[in-house]
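Chemist: Here are the chains, one letter per residue:
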Amino acid sequence: DAGITQSPRHKVTETGTPVTLRCHQTENHRYMYWYRQDPGHGLRLIHYSYGVKDTDKGEVSDGYSVSRSKTEDFLLTLESATSSQTSVYFCAISENQGGRAGELFFGEGSRLTVL
Amino acid sequence: AQKVTQAQTEISVVEKEDVTLDCVYETRDTTYYLFWYKQPPSGELVFLIRRNSFDEQNEISGRYSWNFQKSTSSFNFTITASQVVDSAVYFCALSEVSNDYKLSFGAGTTVTVRA
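Protein chains in written order, with this note's numbering: chain A, 1 to 115; chain B, 1 to 115.
FYI, nobody ran anything at the bench for these hints, they're computed from the structure.
There could be a bad hint or two in this list.
Stated by the list, open to error - Here are the simulated SDA-like cross-link-like pairs (lysine to any residue), alpha carbons at most 20 Å apart as the crow flies: (1) K38/B to F68/B; (2) K38/B to F105/A; (3) K3/B to G40/A; (4) K38/B to L115/A.
Claimed, not checked - Partial pick of chain A residues on the chain B-facing surface, computed with a CB cut under 7 Å: (5) P8; (6) E103; (7) G109.
What the hints assert, rightly or not - Facing chain A, a subset of chain B residues (Cβ under 7 Å, in silico): (8) E44; (9) L45; (10) G106; (11) A107; (12) G108.
The beta-carbon is built from N, C-alpha and C at its ideal position, and this holds for glycine as well.
All chains, full assembly: derive it from the sequences and hints.
Modeler: Written out as structure tokens, the structure reads:
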């Protein structure tokens, strides 16, 4: 199994509070991704990183920011959480560009509930 | 616009029945990749297969088989002689050159296999 750890795995928070999810990898892969999973939508890309300090937006990036100061860590921050951000968040990694490289390896997911 | 369409939201079968999951994709690229992932009730995402656009050969892996047809932009997945352990959500995904190989997922199909 790919070495990907997400924390926290579960979190309940209140509207308006900041939240940070952490993705840690031990594979030294260059590419890291944050997806959210919602019923009826599958997985949607929030942000991704193609190297240290190199990040870009995905299709549902509004309300989210990311940072990558080290190869192994990719942080997803909700500056002011809203109920619409209640979701399961997945981190993924790949050695090269996503689909061209082969499979994406996914973390176990972080379930976030915003009340 | 949805690039990957999984029209079947839920499928319920009795053990030992065959089940086919449909996946229709949309792209203008000539080079692209197609994927299937499985998400069992435990929640993790398990890679099943990757297929590139230049390889239209069907593939079989045990009870799993995949039918790739560029003419109809489809990449269907069949489970033969289904088992209870096949109960999961199955996602089809597309990776395009024009999208930097990022994966775009369908909404998923929930398969329930009853004993």
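Chemist: Are the hints correct? Go through all of them and say.
Modeler: Comparing the hints with the structure gives:
1. Simply put, K38/B and F68/B have alpha-carbon atoms about 18 Å apart, close enough for the 20 Å limit, and the pair holds.
2. Of the supplied pair hints, the one linking K38/B and F105/A holds, its CA atoms being roughly 12 Å apart against a limit of 20 Å.
3. A distance of roughly 14 Å separates the Cα atoms of K3/B and G40/A; the hinted pair therefore holds under the 20 Å criterion.
4. Pair hint K38/B plus L115/A does not hold up; C-alpha atoms about 30 Å apart against a cutoff of 20 Å.
5. Against a cut-off of 7 Å between C-beta atoms, the interface hint on P8/A is violated, since the closest Cβ of chain B lies about 15 Å away.
6. Given hint, E103/A at the interface with chain B, holds; its Cβ is 4 Å from that chain's nearest Cβ, closer than 7 Å.
7. Interface hint at G109/A: satisfied, since its Cβ lies 5 Å from the closest Cβ of chain B, which is below the 7 Å cut-off.
8. For E44/B, the interface hint holds, the least distance from its beta-carbon to any beta-carbon of chain A being 6 Å, beneath 7 Å.
9. At its closest, the beta carbon of L45/B sits 4 Å from a beta carbon of chain A; the interface hint therefore holds under the 7 Å criterion.
10. Checking G106/B against chain A: minimum C-beta separation of about 5 Å stays under 7 Å; hint holds.
11. At its closest, the beta carbon of A107/B sits 4 Å from a beta carbon of chain A; the interface hint therefore holds under the 7 Å criterion.
12. Taking 7 Å as the C-beta cut-off, the interface hint given for G108/B holds, the closest approach to chain A being about 5 Å.
In this structure, the earlier hints numbered 4, 5 are contradicted, and the remaining ones agree with it.
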